[in-house]
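Modelling step: build the complete structure from the supplied sequences, incorporating the hints.
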Amino acid sequence: MSDLKRQIIVQLNLKDLKPEDIGDDQPLFVEGLGLDSIDALELIVLLQQEYKIKLSNAEDGPKVFQSVRTMAEYITAHQAQKE
Amino acid sequence: MSASVLIAGIGVISAIGNNIAESLDALESGRAGMGDMHWLDSFHHGKLPVAEVNLNNKQLSGLSGLPPTISRTALLSMIAAKEALADASIENFHQLRTGFISANTVGGMDKTENFFKFFLSDHGKGRLRDIIHHECGSASELVAGQLGIRNYISTISTACSSSANAIFFAARLIKHNLLDVVIAGGTDALTKFTLNGFNTLMILDQEYCKPFDENRKGLNLGEGAGYVVLVSERVLSSLKKNPYCSLSGYYNANDAYHQTASSPAGTGSLMAMKGALKQSGLSPADISYINLHGTGTQNNDISEGTAIKELFNPSYPKMSSTKSFTGHTLGASGGIEAVFSVLAIRHGIIYPNLRLTTPMKELPFVPETKFLKNEKVIHVLSNSFGFGGNCSSLIFSKL
Amino acid sequence: MEIKVYIRSTANISPQKTFGESQSPDVAVEYRGNRLTCIEPDYSKLFDPKLIRRMSRIIKMGAAAATTCLQKAGVAMPDAIITGTAYGCLEDTSIFLTRMIENKEEMLTPTAFIQSTHNTVGAQIALILKCHHYNNTFVHRGFSFESALLDAMMLLNENHYTNVLAGAVDEITDNSHAILTRFGLYKQKPVSNFNLVQSNSKGTMAGEGAAFFALTNQPAADNDAQLNAMTTFYKLKDINETGKNIISFLKDQSIDINTIDLIITGRNGDKKGDEIYNHIAHAVFNNHQSIDYKYLCGEYPTSTAFALWLAAGIVKDRAIPAWVGKNSKNRSSIKRVLIYNHYQNIHHSLFLVSAC
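Chains as they are written, first to last, in this note's numbering: chain R, 1 to 83; chain E, 84 to 482; chain X, 483 to 838.
Because the hints were derived from the structure by calculation, they are not lab data. Bear in mind that the values here come from a model prediction, so they are computed numbers and not experimental data. Just to be clear, a hint being listed does not mean it is correct.
Claimed, not checked - Label-pair ranges, simulated between beta-carbon atoms: (1) X/Gly725 to E/Asn139: 39 to 49 angstroms; (2) E/Arg210 to X/Asn682: 41 to 51 angstroms; (3) R/Gly34 to E/Pro397: 36 to 46 angstroms; (4) R/Val10 to X/Arg664: 31 to 41 angstroms; (5) X/Lys486 to E/Asn139: 50 to 60 angstroms; (6) X/Met589 to R/Gly32: 22 to 32 angstroms; (7) E/Gly113 to X/Thr644: 47 to 57 angstroms; (8) E/Gly113 to R/Asp24: 20 to 30 angstroms; (9) X/Thr644 to E/Pro347: 51 to 61 angstroms; (10) X/Met483 to R/Val30: 46 to 56 angstroms.
C-beta: ideal position from N, C-alpha, C; glycine also.
And the structure:
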């Protein structure tokens with residue numbers, strides 16, 4: 001998960017944050033990190049670029065990106081499907 | 084400040100027609116302009132429908148009188164502006180104080196995209212001819228030059244509300260007695276830059292768009308140009324025919340909510356519509372028809388719909404989104420839709436909102452789905468809401 | 483237009499030390515080469531980091547100048563925000579274009595795209611202030627700033643407008659510099675900006691900047707200056723037309739040319755382009771002192787915003803500051819300034835500014 005955190009920081013230009021600053025279960029959107037809909041789109045591209053996973057329905061975004069943990073779980077589940 | 088600003092001429096080109104007559108015919112026949120891309124050479128060919136003008140650059144060049152090597156944005160602009168000026172039939176045009184206020188969002192990007200392909204690998208590569216008219220203002224100057232306008236030329240760029248803002252800036256120049264005649268509106272050509280840009284926002288429909296439908300999935304990008312010729316009352320005697328209507332109200336407000344998304348309550352939209360009504364001295368009940376911004380995105384339609392509900396409840400005028408015909412023409416949309424609004428008044432017609440099968444459940448009104456004739460269209464409200472929360476509403480009124 | 487327009491306050495981020503605690507630098511900064519770059523503040527002191535991450539350089543420059551200008555004016559919420567920019571957000575445009583080409587239109591991200599639209603600076607200012615009022619952006623080459631100013635002046639002559647924020651911002655990026663160099667705009671051999679006007683060769687130096695003005699129609703003892711009038715003229719038939727237009731402009735304003743204490747000109751060191759300034763120095767202003775401004779900020783389409791900032795500061799203090807115009811003899815009692823500039827001999831503008 002700390003690799004994922006590092007990727008999130010780079011993708012979203014969160015220059016002041018370090019991976020340790022993001023809690024595994026911390027809400028990413030609204031409160032917590034306070035990310036918004038544009039960031040969600042950036043994360044969708046992150047999934048594609050780094051993990052070759054395509055989230056074609058933007059509406060699934062809020063569920064998948066709720067926290068770093070939910071993201072990691074989604075990635076693991078979909079990578080497993082491919083193999 | 085003088086009282087009235089009148090519309091003496093109109094000109095338009097879009098996917099549904101290359102001039103006023105063709106556009107009217109398409110609007111009446113329900114013939115939308117979406118389809119596969121012909122001229123744009125994009126990776127998304129076959130996947131994303133667009134509404135392209137049915138002419139290649141060589142043909143546009145022939146119609147416009149400008150060289151085929153210049154930006155498509157300028158070519159489209161010239162054709163529509165020329166039609167508008169000819170339509171206005173102003174006898175002593177060159178003796179009056181004339182202006183051209185045009186709007187666009189892409190400028191010469193269609194050419195820049197090609198230039199950049201070569202420039203990226205080697206800064207010495209890429210033809211300078213392809214980049215010289217990159218700036219938004221260049222297209223305006225090219226067209227103004229051909230039209231013989233020199234007193235005042237300017238260019239506005241506020242995303243999707245651009246040409247609506249151009250029209251009412253022009254009106255104010257007339258009201259302040261700085262100019263007598265102004266051609267105002269906007270233009271935009273389809274480019275890979277905008278197509279891909281909108282695609283990253285995931286607001287493009289892979290089918291033909293369904294504005295104000297419960298199951299809408301996004302917008303289709305279009306291209307085109309639309310201009311009105313605004314004149315002061317002083318110029319009335321120079322007109323060879325009666326003006327179409329007046330521009331009786333206008334307002335610009337900012338949503339100040341988010342860079343691209345509209346606020347759920349449609350704050351900016353509501354303020355723009357209210358402001359235009361106040362300016363025109365009209366009340367909501369006076370509006371005969373609303374030409375909706377109606378892009379077909381989840382966000383815009385609910386935001387605009389909520390604002391309309393707030394303002395017009397319980398009595399709603401007829402309304403429709405002509406983007407269901409032309410696609411979203413970005414910087415040109417305010418201008419093209421101004422032309423359609425003026426035509427609605429002149430001919431007493433209401434346009435249908437195409438492909439609307441399931442009304443939005445949150446809204447207590449449904450846009451018109453049929454083309455209507457012999458309607459009493461006295462006051463038309465035209466909405467244009469853009470990125471950056473820039474919301475503009477124009478009101479056109481029968482004389 | 484009848485109602486008087488005042489410049490209540492200004493803010494300017496430029497290649498000189500014009501922004502920050504001391505508005506007036508002690509000395510001018512020298513640049514060697516053909517490019518002047520803005521001296522930028524520490525934006526983290528001005529904006530919340532959450533906002534900054536979504537703001538590219540040009541947006542930060544514009545927003546910083548705008549918000550600072552309003553603070554100085556004591557205006558919490560302007561009645562309108564009007565921006566001029568010829569090139570728009572070049573860096574983001576470049577980034578998105580580059581990725582689009584390199585990735586062959588796949589796996590693109592939205593941030594650069596949304597930040598590339600021309601009205602992003604104006605929109606960001608509105609977002610920061612939560613300002614729901616009129617917001618417009620002009621993108622007309624060498625008239626982008628003048629158009630914004632005209633729009634502002636018209637608003638102040640309409641009902642319900644008291645304070646209007648107007649300004650201009652343009653940036654130079656590595657890519658745009660490379661492209662404009664190919665058009666032959668800049669000096670081929672490096673010069674010092676201090677010798678720019680005397681360089682007597684082709685080309686100028688590239689510049690950039692963000693300058694905003696809090697304009698008002700309310701007279702007040704602490705307004706910086708009065709903006710008496712502004713006009714533009716586009717494409718001249720010949721060099722003599724400039725002089726005629728200037729005289730005509732002054733006549734329209736009922737201004738006696740002898741009451742002008744200082745001319746600020748847009749000499750940019752390009753031998754051919756500067757001929758017009760030499761002509762009017764003889765034909766119209768042979769009894770007037772003049773200073774140049776582009777050696778301080780470089781050449782760019784909205785540089786007249788820098789000139790207006792400079793003029794406002796001069797009439798406010800009624801003196802030419804020590805760091806500007808080394809050769810000026812009569813540095814005090816400057817109450818009325820005329821600015822004349824042309825951009826590439828296509829876009830000509832005149833501004834008349836007076837002490838309050």
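A quick look at each hint next to the structure:
A hinted range of 39 to 49 angstroms for the beta carbons of X/Gly725 and E/Asn139 is consistent with their spacing of about 47 angstroms. In this structure the hint that E/Arg210 and X/Asn682 lie 41 to 51 angstroms apart at CB is violated, the actual value being about 32 angstroms. Between R/Gly34 and E/Pro397, the C-beta spacing of about 39 angstroms keeps the proposed range 36 to 46 angstroms intact. A beta carbon spacing of about 33 angstroms between R/Val10 and X/Arg664 agrees with the range 31 to 41 angstroms that was offered as a hint.
In this structure the hint that X/Lys486 and E/Asn139 lie 50 to 60 angstroms apart at CB holds, the actual value being about 53 angstroms. For the pair X/Met589 and R/Gly32, the supplied restraint of 22 to 32 angstroms holds, since their beta-carbon distance comes to about 26 angstroms. Range check, E/Gly113 to X/Thr644: Cβ separation about 49 angstroms, and the 47 to 57 angstroms hint holds. At roughly 55 angstroms, the beta-carbon separation of E/Gly113 and R/Asp24 lies outside the given 20 to 30 angstroms, and the hint is violated.
Separated by about 31 angstroms at the C-beta atoms, X/Thr644 and E/Pro347 break the suggested range of 51 to 61 angstroms. For X/Met483 and R/Val30, the Cβ-Cβ distance of about 47 angstroms falls inside the hinted range of 46 to 56 angstroms, so the restraint holds.
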